[in-house]
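J.: Knowing the structure of chain A, use the given hints to seat chains B, C and D on it.
As given, the protein sequences belong to chains A, B, C and D, one line each in that order.
With this note's numbering, letter number 242 in the first sequence gets 242, and the count goes up by one each step, no holes.
If you count the second sequence from 1, you need to add 357 to reach this note's numbering.
If you count the third sequence from 1, you need to add 714 to reach this note's numbering.
If you count the fourth sequence from 1, you need to add 1071 to reach this note's numbering.
There could be a bad hint or two in this list.
[Stated by the list, open to error] Straight line, CA to CA, 25 Å or less: simulated BS3-like cross-link-like pairs of lysine-lysine:
hint, chain 1, residue 1, chain 2, residue 2
1, B, Lys559, A, Lys202
2, B, Lys424, D, Lys1138
3, D, Lys1138, D, Lys1273
4, D, Lys1273, C, Lys916
5, B, Lys441, B, Lys559
6, A, Lys67, C, Lys781
7, C, Lys798, C, Lys784
8, C, Lys923, C, Lys791
9, C, Lys781, C, Lys916
10, C, Lys791, C, Lys916
11, A, Lys202, A, Lys84
12, A, Lys70, A, Lys202
Source of the hints: derived by calculation from the structure; they are not laboratory data.
The structure displayed is predicted, hence computed values, not measured ones.
There are 4 protein chains.
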Amino acid sequence: MLVVMQAQATEDQVRAVCQKIESLGYRAHSMPGAQRTAIGITGNKSEVESGTLEEMPGVQEVIRVTKPYKLVSRDTKPDNTIIKFPAAHANGSPVTIGGPALAIVAGPCAIENRDQAFAVAERVHRAGAQFFRGGAYKPRTSPYSFQGLGEEGLRIMADIRQQFGMKIITEAIDHESLDLVEEYADMIQIGARNMQNFSLLKRAGRARKPVLLKRGMSATLEEFLMAAEYIMSEGNYNVALCERGVRTFADHTRNTLDLSVVPAVQRLSHLPILVDPSHGTGKRNKVTPLSRAAVAVGADGLMVEVHNQPDQAMSDGPQSLFPDQFDTLMEQVRQIAAVVGRTVPAIGVSEPVAASK
Amino acid sequence: MLVVMQAQATEDQVRAVCQKIESLGYRAHSMPGAQRTAIGITGNKSEVESGTLEEMPGVQEVIRVTKPYKLVSRDTKPDNTIIKFPAAHANGSPVTIGGPALAIVAGPCAIENRDQAFAVAERVHRAGAQFFRGGAYKPRTSPYSFQGLGEEGLRIMADIRQQFGMKIITEAIDHESLDLVEEYADMIQIGARNMQNFSLLKRAGRARKPVLLKRGMSATLEEFLMAAEYIMSEGNYNVALCERGVRTFADHTRNTLDLSVVPAVQRLSHLPILVDPSHGTGKRNKVTPLSRAAVAVGADGLMVEVHNQPDQAMSDGPQSLFPDQFDTLMEQVRQIAAVVGRTVPAIGVSEPVAASK
Amino acid sequence: MLVVMQAQATEDQVRAVCQKIESLGYRAHSMPGAQRTAIGITGNKSEVESGTLEEMPGVQEVIRVTKPYKLVSRDTKPDNTIIKFPAAHANGSPVTIGGPALAIVAGPCAIENRDQAFAVAERVHRAGAQFFRGGAYKPRTSPYSFQGLGEEGLRIMADIRQQFGMKIITEAIDHESLDLVEEYADMIQIGARNMQNFSLLKRAGRARKPVLLKRGMSATLEEFLMAAEYIMSEGNYNVALCERGVRTFADHTRNTLDLSVVPAVQRLSHLPILVDPSHGTGKRNKVTPLSRAAVAVGADGLMVEVHNQPDQAMSDGPQSLFPDQFDTLMEQVRQIAAVVGRTVPAIGVSEPVAASK
Amino acid sequence: MLVVMQAQATEDQVRAVCQKIESLGYRAHSMPGAQRTAIGITGNKSEVESGTLEEMPGVQEVIRVTKPYKLVSRDTKPDNTIIKFPAAHANGSPVTIGGPALAIVAGPCAIENRDQAFAVAERVHRAGAQFFRGGAYKPRTSPYSFQGLGEEGLRIMADIRQQFGMKIITEAIDHESLDLVEEYADMIQIGARNMQNFSLLKRAGRARKPVLLKRGMSATLEEFLMAAEYIMSEGNYNVALCERGVRTFADHTRNTLDLSVVPAVQRLSHLPILVDPSHGTGKRNKVTPLSRAAVAVGADGLMVEVHNQPDQAMSDGPQSLFPDQFDTLMEQVRQIAAVVGRTVPAIGVSEPVAASK
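This is chain A alone, in the form it adopts within the complex (with noise of 0.2 Å):
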């Protein structure tokens, strides 16, 4: 905390200032300028109220300086955290979220139906993707608008996982869905519109699978950071982070999808960061670029919709690629991961996994 005095503030206002923060148990640095004298305070433990200080005589503002966060703080851990997933059978290899290899996440918005989400699968998995995503509880902003599947839908996702060995990611609503998801799923999404339920954050805390937490709409990135805290600060350390785009006044694009939150996530810590170039741009024309750049940005993986009918698509489908787009995306954004020294799956082999038991 730094305490920045008017340029007219008296001495006695000074030491007012000085002598209350000493009071409150920590200690007081004054620093006398040309123009004014600002105040540091440190020790610290617990953040002190601004509040308290900024309305003493004399004061003319309060700035915070320590960082709140602290698990996912890179201060904490030097190193990348590496989600890792064991191998979907036995001459498998296994997944990892963080580590060389991007991680590539795709399916429709919504399991509608076992075949729909059979036919993305396959496509999807046969292009390389290593998760497969799809919702079986859906945030809409409509109660009218189809709200998913529910169990059903996790059900034949986990028939997916059994026939193409991509893992799962699926989205969790509440405390009753997270069950089931942690249940049926390979990793817990939380989406945009609960990244500050931190009741629910806390849950996810404690499920026993990694958990991909999306940025809220309007979060900054000190409220990302401090929602992953949350989830952290219950024991569960298998965090990623997934960029999906934020509200501004442009109107080009559904989002306005940040990438240079990406270096800096990097920079403050040492969890993985995904991007979701869908939700993003809301756009389908736009997916394919912004996947490039996601990917030349340095991002650890990319999280597309894709369905085999975008025009039927019970939710989002102006947003979703058709496959032989994916196809193309795919290709485009392995050489550019050959540039940033990552790696992007070979295109799978159409034999169903299940078949090699």
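T.: Using the frame of chain A, we list chains B, C and D on its own:
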């Protein structure tokens, strides 16, 4: 829905779009213009996914026209909703939100202990507040910050109602706390961070108590109304809205209080809307001016944080008023209310309600 | 300036930063804390470029402390600035901006022709406006839109001053138009789009007429004050500010009117500040409620668009009030003003000033 | 234009709106729907002022449909614009913006003196930049900051062109400086703060040199294109756009670089678009990752700040690259360019161009 064709779109392309529309079960209305053709779509019960059409050859843009909210709309219910709370005791009078009397909600950010809560309650009651606010479950950005007293806090507030006759409004942050809030309080608050926690909204929609819904940090008016629609769609029609500042680039206040949303809500919806200038500004010295402005713009009430010792508050101290400041605020607000044809409760008698039994 | 070191920074790194600071001619104040060390910098006449220090080993962050504005600051001049305009005629009284009387500025968006201008002027004068606004040079988003009458518009406004005794405020968009505005008008308006047109600000700073400076679409409070500082640094101390809405994600109004900037400006600066609810909302039906709110929050005046035939206006018709609506606005505003200790000019006599000569 | 009627609008109200439209000289197309009626308007050469209709009884909303830009639009000119600059000397080759070769613009924020400018120029030339940037007229937030060398700076840049054969791009801030920039430089830059300085845009439109137009801090895509339209409407068709970050709530970078605007511009307009990651992030350590991303997303070039001694720069030091960092950037960018089918100029020969004469 309206499909705008490109200037150079061919007649075949226009025809193809019309056929697609009709094949989806809607009616297409072609409107050839000087520069380009637009095609109106009618008959859509559910929403057409715009992506289907947006990607067709010759299409420039697809514009959504119909509003998705129903129950919250003035189209559905032209008269203002007035939420009624029964009188606290036999010779008391009922209080309302949405009627000619402004609803004044005041109290500390968090219930910290019985003494603090009663000290604040005594003062805000005496100044005229009909509603007492206080957090028992606090959604804090940091997991290491004070998270509220939980049920003990609810019990303290129930005793405050008993003592002073004020109605209790307090926040629920998940299903579990909502069960308890529904039991102890008079009105259930859904906080800004949970405005799109649809699972919680649905649960609130099944509650037997009225709901105060705060606007999310970056919620558009439509999203705000749709969140209320979620609650109403489950059968709970007693919903009041609350503007509490939105997130913008501006850094001189904690949030940017958007007072224009008050007349905007009143034009589109029959639901009452309060204003919270404490969170809306985050600075004590701006709470009173913005409270005056909120009443002047036509809000149905105010929600204000008051603390007997703000500099020792466990949360949001810098934005909490001293009780004396709240007295001044009430006096000023009362005069402004008169200008806009509203009333503010007279200064309460300090004689406790409990004694009258 | 304050340099915050990383938690694991070595003593050598701290020493190196201190030496660097001293080598740049400043004093370094090292403050070792429980978790990390912070280093205060004092003695900086000019601003230290933070980049120098930010990239040094062990440095976490560099925080700027001193505010860059001087002449606009209350530190420099504690008393409110009151801009005085001489009385229009012998038995008239002078008008002011920043004094106890609210400054009411009204008129059409653009001067379209003599009849329209006089028709509006007659009505707003009668309703009590002391200032007449009207654009002769219009900064329009499209080059194909009406760009204003130029000098002919200025001449019409000069005749309106002659006829009704109102002071004329009109916008200058470049050096050439500023020369003419300075000649014809009583106050030079710098529009939102030119708030950081520093060449124009300097020219306005050399003008012999007061300046009304509108806030830029996305200007922070500091940038807004620095723009005023540009004008004052050239010697023109008669500057009034004007909040006119900022750009946010919110789409229910054209801009988001930020009324909290009024008390924020008044705390930091001695300059008066008006509010323009016409541009601030962009919607006729929100101008009156937000005008009431602006006066209630403590603004020094209002700037309102009025048109005798808004539906035939050549620009900004949708946000222009009908003259009858302006009468109502003035009546409501007059009552609110009384509550906050301000006055609003009595309803003007329709007898033309010119006749009294 | 489309007029959406309220659900309960009467047939008479619909008829009145249609008659109003026809009376204004347009055609009305009534489209009765299941819930409400919409009315299409065609034949509008100039834009209908929406306010006229918005306030009529029964009207819910008026939606603008046609886009106001013409010359910048791909509708008008389907092929990409390629701006050509003549070769610097007899055996040199011409350089372009918008062609297959990426345009690399590099140099210091401001020209501080001859030595600094030549030192930077020598390095960026050797690394492959075809364009040299440097400010002679600096739009600084504070009037007390370094404002640029003026014409002396232009002369230094002209000598750099002579010496190294690079094209010169520099900013004009008013008519006077534009006259000089037009004389000395190869391309006239209009800065973000002047993007809606329409008087300056018109002057640039009459210049004989190409114009680089930077996006304003909070400019929508439409406003950005309309600013280019201003220049083109005066006859100068050689316009390149430049994304340089927009203002949002996010505080981890100086601005939020909006890379999605690149494909958005390319879809709507034939004009080339560069990206400036230096202003776009404001932080040296983010310039290289975001440069890679900009090329990956499909930008037509980069504009990067490089300084030989960033820690002594007179402006924007913290975001300027060291020359060695620029070398690395160019190497990485060259590889990414290859993936998206673009080329980056080979590393320049250090032999001065002047010597070849």
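J.: The structure should be examined with respect to each hint, and the outcome stated for every one.
T.: We went through each hint and held it up to the structure:
1. Lys559(B) <-> Lys202(A): The hint holds at about 21 Å.
2. Lys424(B) <-> Lys1138(D): holds, 23 Å
3. Lys1138(D) <-> Lys1273(D): holds, 21 Å
4. Lys1273(D) <-> Lys916(C): Given that 25 Å is the threshold and the Cα spacing comes to 21 Å, the pair holds.
5. Lys441(B) <-> Lys559(B): holds, 22 Å
6. Lys67(A) <-> Lys781(C): holds, 23 Å
7. Lys798(C) <-> Lys784(C): Holds: Lys798(C) and Lys784(C) sit about 23 Å apart, inside 25 Å.
8. Lys923(C) <-> Lys791(C): Distance of about 21 Å is within 25 Å: holds.
9. Lys781(C) <-> Lys916(C): holds, 21 Å
10. Lys791(C) <-> Lys916(C): holds, 21 Å
11. Lys202(A) <-> Lys84(A): holds, 22 Å
12. Lys70(A) <-> Lys202(A): holds, 16 Å
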